[in-house]
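Model the full assembly from the supplied sequences, consistent with the hints where possible.
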Amino acid sequence: MPRAEPPGSEYACAVAGSGTTAMASIPEDAMPPQPVEAPRRVKRVIYRHTLPLRIMHWINAVCLLILLGSGLQIFNAHPALYWGQRSHFDHPWLSLGATQTRDGKLHGVTTIGAHRFNTTGWFGVSSMDGQPTVRGFPSWATIPGPQWLAMGRAWHFFFAWIFAINGVCFVLYALWTRHLTRDLVPTRRDWLGIGRSIIDHALLQHPHGEEAARYNVLQRIAYFVVIFVFGGGVVLMGLAMSPRMDSVLGWLVDLVGGRQSARSIHFLFAMGFIAFFLIHIFEVIVTGLGNNLRSIITGRYAIESKTHDETHQ
Amino acid sequence: MKLINRRRRFLRDALALTGAVALGGCDKLSETDWAPKVLGSATALSHAAQGALSRNAMAREYTEADISPEFRPNGSTDPQSAAYRALAANGFRGYRLAIGGLVAHPMSLSLDELRALPNRTQITRHDCVEGWSVIGKWTGVQLSHVLHMAQPTAAARYVVFRCYDAMDDGSEYYESLGFDDAYHPQTILAWALNGKTLPIPNGAPLRLRVPRQLGYKMAKYLRRIDLVASFKDIEGGAGGYWEDQGYQWYAGI
Numbered sequence: 000m001p002r003a004e005p006p007g008s009e010y011a012c013a014v015a016g017s018g019t020t021a022m023a024s025i026p027e028d029a030m031p032p033q034p035v036e037a038p039r040r041v042k043r044v045i046y047r048h049t050l051p052l053r054i055m056h057w058i059n060a061v062c063l064l065i066l067l068g069s070g071l072q073i074f075n076a077h078p079a080l081y082w083g084q085r086s087h088f089d090h091p092w093l094s095l096g097a098t099q100t101r102d103g104k105l106h107g108v109t110t111i112g113a114h115r116f117n118t119t120g121w122f123g124v125s126s127m128d129g130q131p132t133v134r135g136f137p138s139w140a141t142i143p144g145p146q147w148l149a150m151g152r153a154w155h156f157f158f159a160w161i162f163a164i165n166g167v168c169f170v171l172y173a174l175w176t177r178h179l180t181r182d183l184v185p186t187r188r189d190w191l192g193i194g195r196s197i198i199d200h201a202l203l204q205h206p207h208g209e210e211a212a213r214y215n216v217l218q219r220i221a222y223f224v225v226i227f228v229f230g231g232g233v234v235l236m237g238l239a240m241s242p243r244m245d246s247v248l249g250w251l252v253d254l255v256g257g258r259q260s261a262r263s264i265h266f267l268f269a270m271g272f273i274a275f276f277l278i279h280i281f282e283v284i285v286t287g288l289g290n291n292l293r294s295i296i297t298g299r300y301a302i303e304s305k306t307h308d309e310t311h312q
Numbered sequence: 000m001k002l003i004n005r006r007r008r009f010l011r012d013a014l015a016l017t018g019a020v021a022l023g024g025c026d027k028l029s030e031t032d033w034a035p036k037v038l039g040s041a042t043a044l045s046h047a048a049q050g051a052l053s054r055n056a057m058a059r060e061y062t063e064a065d066i067s068p069e070f071r072p073n074g075s076t077d078p079q080s081a082a083y084r085a086l087a088a089n090g091f092r093g094y095r096l097a098i099g100g101l102v103a104h105p106m107s108l109s110l111d112e113l114r115a116l117p118n119r120t121q122i123t124r125h126d127c128v129e130g131w132s133v134i135g136k137w138t139g140v141q142l143s144h145v146l147h148m149a150q151p152t153a154a155a156r157y158v159v160f161r162c163y164d165a166m167d168d169g170s171e172y173y174e175s176l177g178f179d180d181a182y183h184p185q186t187i188l189a190w191a192l193n194g195k196t197l198p199i200p201n202g203a204p205l206r207l208r209v210p211r212q213l214g215y216k217m218a219k220y221l222r223r224i225d226l227v228a229s230f231k232d233i234e235g236g237a238g239g240y241w242e243d244q245g246y247q248w249y250a251g252i
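Sequence lines, in order, name chains X and G. Per numbering that gives the first Met the number 0, the first sequence starts with residue 0, numbered consecutively. Per numbering that gives the first Met the number 0, the second sequence starts with residue 0, numbered consecutively.
Careful, some of the hints might be misleading.
Said to hold, decoys possible - Covered stretches of chain X (in silico footprint by chain G; criterion: 3 or more residues with CB under 8 angstroms from a CB of chain G, positions within the stretch not fixed):
1) 73–84
2) 146–154
3) 242–251
What the hints assert, rightly or not - Here are a few chain X residues that face chain G, going by a calculated C-beta distance under 10 angstroms:
4) His87
5) Ala159
6) Arg258
Stated by the list, open to error - Covered, in the sense of this in silico footprint (three residues per stretch, anywhere, with C-beta under 8 angstroms from a C-beta of chain X), are these stretches of chain G:
7) 26–35
8) 129–140
9) 201–214
Simulated from the structure, these hints should not be mistaken for laboratory data. Even for Gly, the Cβ is constructed at its ideal location relative to N, Cα and C.
Here it is in structure tokens:
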């Protein structure tokens, strides 16, 4: 049997500020009596992420980084997106293009629908070895840096396999250990408290103490959507772009409106991953960078309760 | 406090450094001999998996309403070799497609002879490796029909297509297919696009159509077809002009 303790399961106890950080596996009952008169911050360390989950998390992080960089490289070969079966070259819904003014200067022009934006330096035209260069996304964001479609595809398809296999392993593991049903699917009570949770998150008042031992409702929704909608979707839309797979996935291609729609949705899921990544990193930092990093590297996550009483009644 | 700040700064720097090393490292690895080979191994996996899942499945065929107003040409659009110019000047009347190599019956066919063979018309999508797609109506003879006429020998494994268009490095465009794709019913040697004689930008007088692969497999300006046991000794050895530049031989993805 795998060691599949849920977040919040007791791993060890320690009293913060007492000078001991020993993490012995002693049940709470066996803790030495605490001084009652002076309320103290009590630190309890739980075993939050099992080893397989930690390994899969980091494999996934590396894959996403490389898939994103190489994906933007591939996008740059034709930096425009369309809806439908084929490319309506005059009507992309998104394009990262360039224009040249009479003085010879290059300007990056991003169009979204009928809206035009000057994005010189970022999209359409950006610096490459000190020279303004016509390219969709800038070289610091693509793998490899220079325009090199063949190499971008090589990176992308290699890590796409690892990403997909890792994803399937995660889902099987999460089902088998009930990580999915216990920790990721919001409970009825979670749904009822969603309004409060949204307000708290907006005010950066994050759950702490015992409440932080389990994933809150917004966390559950975010992880669930990212894993199953973005993760599953990005793989399916990738397959729907393959002319060979389209001979058996025609229904899927038609379902989303065509191969060019699949390419657009693939891109949007990738943007969704970036949005998740930024929020994820932000939350990791504001809710305790050291504690969070330790928990995804060693599995151990500290929970601090305001007073000793709260945890011992 | 100071210690915490220092620790935070270290973590921040470590994260930034990891990112820079990851991206810069990818560039360095791309320049090595071995890393692209390792990365390329995934294509063999893709080929095996996609081949097993789709076998002889047919590419989607569209309706007249789906046809692109212009079938965007890419790569060579007007070959300049003397041999090609001479043929074009004469409306390709002197054109002959040679079929040789490991075949029992080497032959050469004129355009009229090709047009007299049973033909197939298909409205299929053309997916460029760059990411865009166009749809066109193609008419031509199934490659399988021509191969049955020429009868490949038991040693033949690949069909190599030689073309009239010279590329930037001076070499002639070429491509190759395995027998699974060569004998697929939608693999045709096309002489008409959208009901009209094939225009020069799209590969006149004769081009290959393999709708289950990307555009660069569909060689234009066909000069001759050879059956071979291996393409290792041809040009750069990777089985095609773009393959010699690092693109995957299997272009179903």
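request  = Enumerate the violated hints, using their earlier numbering and listing them in ascending order.
outcome  = Per hint list: zero violations.
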